[in-house]
Amino acid sequence: MTGYDEMRGDGPVVRDLYAGVGAWLDAMPPALLSRRRAEAEFIFRRTGITFAVYEEGGDPDRLIPFDIIPRLIDAREWDFLHRGLAQRVRALNAFLADAYGSRDFLRAGRIPEHLVTRNPEFVPYMNGFAVPGGCYTHVAGIDVVRTARDEFHVLEDNCRVPSGVAYMLEDREVMMRLFPELFGAYRVRPVSHYPEELLRTLQSVAPRNCDGDPVVVLLSPGQFNSAYYEHSFLADEMGIELVEGADLLVRDGLVCMRTTRGLRRVDVVYRRIDDAYLDPLAFRPDSALGVPGLMAAYRAGNVTIANAPGAGIADDKAVYCHVPEMIRFFLGEEPTLQNVPTWQCSLEDERAYVLEHLADLVVKSVHGSGGYGMLVGPHATRAEREEFAARIRATPGRYIAQPTLALSTCPTFVGDTVVPRHVDLRPYVLCGRSSDPASIDVRMVAGGLTRVALPAGSLVVNSSQGGGTKDTWVVDGPAGEEG
Amino acid sequence: MLLSRTADNLFWMARYIERAESTARLLDVGRRMASVVTEPDAAASEWASTIDAAGCEATFASAHDIHTAGNVIDHLVRDVRNPSSIFASLAVVRQNARVVRTALSQDVWDAVNGMWIESQAWRDDDFTVAGLPRILDWVKERSQRFGGAVANTMLRSEAYWWVRLGTFLERAENSARIVDVKYHVLIPRPPGEAGPLDEYQWGAVLRAVSAYRAYHWVYRDRLDPVRVAELMILRPEMPRSLVSCIAQVTYYLERIASDGSHAPDGGASPVRADLAPERGEVSRRPLAISRAIEDGLRTATIERIYGEGLHEFLTRFIGTMNSIGHEIRREYLLGE
Chain A
1 MTGYDEMRGD
11 GPVVRDLYAG
21 VGAWLDAMPP
31 ALLSRRRAEA
41 EFIFRRTGIT
51 FAVYEEGGDP
61 DRLIPFDIIP
71 RLIDAREWDF
81 LHRGLAQRVR
91 ALNAFLADAY
101 GSRDFLRAGR
111 IPEHLVTRNP
121 EFVPYMNGFA
131 VPGGCYTHVA
141 GIDVVRTARD
151 EFHVLEDNCR
161 VPSGVAYMLE
171 DREVMMRLFP
181 ELFGAYRVRP
191 VSHYPEELLR
201 TLQSVAPRNC
211 DGDPVVVLLS
221 PGQFNSAYYE
231 HSFLADEMGI
241 ELVEGADLLV
251 RDGLVCMRTT
261 RGLRRVDVVY
271 RRIDDAYLDP
281 LAFRPDSALG
291 VPGLMAAYRA
301 GNVTIANAPG
311 AGIADDKAVY
321 CHVPEMIRFF
331 LGEEPTLQNV
341 PTWQCSLEDE
351 RAYVLEHLAD
361 LVVKSVHGSG
371 GYGMLVGPHA
381 TRAEREEFAA
391 RIRATPGRYI
401 AQPTLALSTC
411 PTFVGDTVVP
421 RHVDLRPYVL
431 CGRSSDPASI
441 DVRMVAGGLT
451 RVALPAGSLV
461 VNSSQGGGTK
471 DTWVVDGPAG
481 EEG
Chain W
1 MLLSRTADNL
11 FWMARYIERA
21 ESTARLLDVG
31 RRMASVVTEP
41 DAAASEWAST
51 IDAAGCEATF
61 ASAHDIHTAG
71 NVIDHLVRDV
81 RNPSSIFASL
91 AVVRQNARVV
101 RTALSQDVWD
111 AVNGMWIESQ
121 AWRDDDFTVA
131 GLPRILDWVK
141 ERSQRFGGAV
151 ANTMLRSEAY
161 WWVRLGTFLE
171 RAENSARIVD
181 VKYHVLIPRP
191 PGEAGPLDEY
201 QWGAVLRAVS
211 AYRAYHWVYR
221 DRLDPVRVAE
231 LMILRPEMPR
241 SLVSCIAQVT
251 YYLERIASDG
261 SHAPDGGASP
271 VRADLAPERG
281 EVSRRPLAIS
291 RAIEDGLRTA
301 TIERIYGEGL
311 HEFLTRFIGT
321 MNSIGHEIRR
331 EYLLGE
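These protein sequence lines are chains A and W, in that order. 483 is the number that this note's numbering gives the last residue of the first sequence; the numbers go up by one with no jumps. 336 is the number that this note's numbering gives the last residue of the second sequence; the numbers go up by one with no jumps.
No lab work stands behind these hints: they were computed from the structure. Please note: incorrect hints may appear among the correct ones.
Beta-carbon label-pair distances, calculated as ranges [as the list claims (entries may be wrong)]: (1) G301/A - A292/W: 44 to 50 Å; (2) G184/A - T153/W: 30 to 36 Å; (3) E57/W - E196/A: 20 to 26 Å; (4) S34/A - R134/W: 35 to 41 Å; (5) A63/W - L63/A: 35 to 41 Å; (6) R298/W - E173/A: 47 to 53 Å; (7) E173/A - Q144/W: 31 to 37 Å; (8) L32/A - A63/W: 55 to 61 Å; (9) S192/A - R134/W: 44 to 50 Å; (10) T153/W - G397/A: 55 to 61 Å; (11) T342/A - P83/W: 55 to 61 Å; (12) L63/A - R298/W: 50 to 56 Å.
These figures come from a predicted structure and were not determined experimentally. Even glycine gets a Cβ: it sits at the ideal position worked out from N, Cα and C.
Model the full assembly from the supplied sequences, consistent with the hints where possible.
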C-alpha cells in the first residue's frame, strides 16, 4: 500500500518544501550517510538514551533506531494541526471534567454510560472533585497520521502518561550537531524550550495554598522502567527532583520529600507511573511504588497530580469515537481534525461488517497501547485472522476496527539506500491553568515526535514493535507549496 | 539540599569503590606475607589473617573449609555471595551510580561503567596467586581513575561532598583494618633484635597503602614498627593515615551541615519551618563525633596509643567509624 509521499506529493517532482532536503540527499554519498548514522548512534548510546522493551525480557540498553533524514511540516500545515490539536485537547478536558462531575454529556445521550463508568480506567475516587485549574491532561500525546496532502486524522489520544518527548528533544540535538548545513538551510522552529513550557504548565496548577515558588517533582517507577531515561532527562532539564515513591510521604496532609535537610513540601507531582500504583491506600494495596495518602492529600487540595488520575478513560478507543461529538457538545465547534472512521465491534451491525472485512481492516483492543494486541488485516495470515475473529466474537466490546490507512511516507535511510517509509506524528499538548477560570491554557512546541515504521510496507510505528524516530521540522518561510 | 536517596546512593557508591580498593590492598599485604613464609601452615595463617582483617570470617566459613590461597582469593575477589568481595562491591557501585547518573559527571560515570565492563572480562586463571597482582593493580588503578574523575570534573556542590564523605569514611575504617592485620608484628623492638622477616612484614603494611617510600621520606631511617604505626595513624602528611582521613570526614560533614549556604541554590528554598524536625544538638552529631576523634588524634602520641594497646585502639576506632556511619544515616539519609 503506498501512501501520500511527503517529499514528492502526488507527482514525480520534489515539493518545494523538500527541495533543500532533496538537494542535500543528492549531494550526500550513501557511505557518508552511513557514517553519520553511526555517529548519531554513538551519541545516543553515550548519552544513554535507551528504551527497554517489556516483552523482550531485558535489554535495558536498547536504542530506538533514529533516522537521520528529517520530516518536514510547513507553517500552514502546522497552523492547521495546532488549531485542531488545541481544540481536541480542550474538548477532552471538558469531557473528563464532565465525566467526573455533572455528567451532562452522558445524560444527553452523547456517549453510552458504560463506556465511562464501567471503563477500567475510570477512577471513582475522582467523582465530584474539581481538579486544580480544570486540567486533567497536563500533557497529552495526540497521535496524528496523514493520508493525503490536506488530510490529517487523529489515530489515538494518549491522556495518561504519554512518553517519547525526550526523543523529540534529543533527535533535534543530534540533527543540529551532525547536519548544521542542512539545518541552516531552513528556518526551523525550535523545540528545546519544551521542558520550560512543561515546568511552567506544572507550576501553573500548584495548589491554592502553596506559598512561594511551587515545588514540582517527577515521580518515576525507577530505573527498571522502560522510560527511565526520559524521566531523568526531563527532571534534569526542568531542574526538579526525580523521585520514587519511597522518597515521598504524607505528613499532616501535606506531601513531602525526604531530603538531607529534612522534609520538604511538594506542591505538584508530575507522575510517570500509572494510576493503579499512585497510592496503595486508594488503589492497589500491594503496590510498593506509590505514596500512601497521596490521593487524600490531592483531594484535600494540598498537592496536584499531573496528569489527573482517571484521565485514562479518554484514551479508550471506544470513547475515541465520541471525541468529535465532545467538540460539538462542549465547544460548540466543528472538529478541525477528523477521526479515522471506526467500527465498534460492540454494535451488532458494525461487528458483522468487521468480521466480513477482516482482511482489509486494522483491529485494535480498546484499552491497548504500544501497538500490542492488534491485527493488521492485510498483513496477517489466515490463521491469525481467524484467531482474532474468535476473540472479537467472544468479547466484542473489547475491539474496534479501522480501515487500513495509507499512512504518508517520508524518505528514510534504510540499509544503504533512501526509501519511503510510513510515518505518524505525536505532538505533545500541554494544558495549564488559565487566568480565565472557565478555560484552560493550551500550549505546545512546534512539531512533535515523528515515528517511522522501518520494515518495508509496515504500518506499525510503535517503538515497542521496531519503529524508529525522526526529527520533525516545522519550517517557516518561503518554502511552502502555496508560495 | 539533595534527596536523601540520592545522597545515600552517592555515599555508598563512593564507599564501595573505596572498599574494593581496600580489599585489594589487604590482599596485597596477605600475598606478600604468604610469599615469604615457607611452611604451608604459616602461609595459611597469613591468608586467614587477611580474611579476618577484611571482616569476612563468617562468610568465608560458610563457603570454604581451609584458608588456601585459592579459597581466599576466590572469596575476597569474585565471590558475589560475599558482599565485601571486590566484584560484589563493584556491582553495588554500578547499581548506585546508575540510579544517580544525572548527579555524576560523564567522566565519573565512564570510570564506574568502564570498571564494571572490564570486570566481566577476567577469566578463571586470573583468580590465582600468579594472576592476583594483575587484578589488584587493575582495581587500584580503576579506583584511582574514579577518584581523579570525581576530583577533576564534579561540580563542588552537595553531591560532590557526599561522594567525598563516603570515600574518606570508608578509607579511615579500612586504613585502621590494614594496620590491624599486622598489629601483632608492629610491637616495639629494641634496634638490632628485629630480623629480616620482621622488616619485611612492616614493609608489607606500608606497601599496602603505597607508603613504603613515604616512610623513608618522613623518617629518613630504617623501618621501625612503632614509627610505621605512627605514620599510619598520626601523621597528617600521610594521605591514608587515620588523622588525614578523619580530617577529610570532618571537612565534608561541615560542608554538608552548612545550612545550604554553599548549596547550588544558595539556600534560597529553605525547608518549611513547620515541617523541619528539631535540628538542635542532634543535627550535628556525626560532625561532633568526627571533630572529637580528629582533635584526639591531632594531640595524641603514639606512646599513648601503645599504652592503650594498638589492637584495642584500632578496634575502638573502627567502632567509632561505624557510629559516624549510623549517625549520618539517622541524620541525613532517612530524610525526616
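Verdict for T342/A, P83/W (Cβ pair) under range 55 to 61 Å: With Cβ atoms ~56 Å apart, the hint holds.
Distance restraint evaluation - G184/A, T153/W, Cβ atoms, bounds 30 to 36 Å: Holds - the Cβ-Cβ distance for G184/A and T153/W, about 32 Å, lies within 30 to 36 Å.
Assessment of proposed distance window 55 to 61 Å (beta carbons of L32/A, A63/W): holds, 57 Å
Pairwise beta carbon distance, S34/A to R134/W, judged against the given window 35 to 41 Å: Since S34/A and R134/W have Cβ atoms about 39 Å apart, the given range 35 to 41 Å holds.
Cβ separation of E57/W and E196/A, checked against the hinted range 20 to 26 Å: violated, 57 Å
R298/W versus E173/A beta-carbon gap, inside 47 to 53 Å or not: holds, 52 Å
44 to 50 Å as the expected CB spacing between R134/W and S192/A, which holds or is violated: holds, 47 Å
35 to 41 Å as the expected CB spacing between L63/A and A63/W, which holds or is violated: holds, 40 Å
Range hint compliance [Cβ, T153/W to G397/A, 55 to 61 Å]: holds, 57 Å
Range agreement (Cβ of Q144/W with Cβ of E173/A, hint 31 to 37 Å): holds, 33 Å
Outcome for the supplied range 44 to 50 Å, where the beta carbon pair is G301/A and A292/W: The hinted range 44 to 50 Å holds for G301/A and A292/W, with Cβ atoms some 48 Å apart.
50 to 56 Å as the expected CB spacing between R298/W and L63/A, which holds or is violated: holds, 54 Å
Violated hint: 3 only; the structure is consistent with all others.
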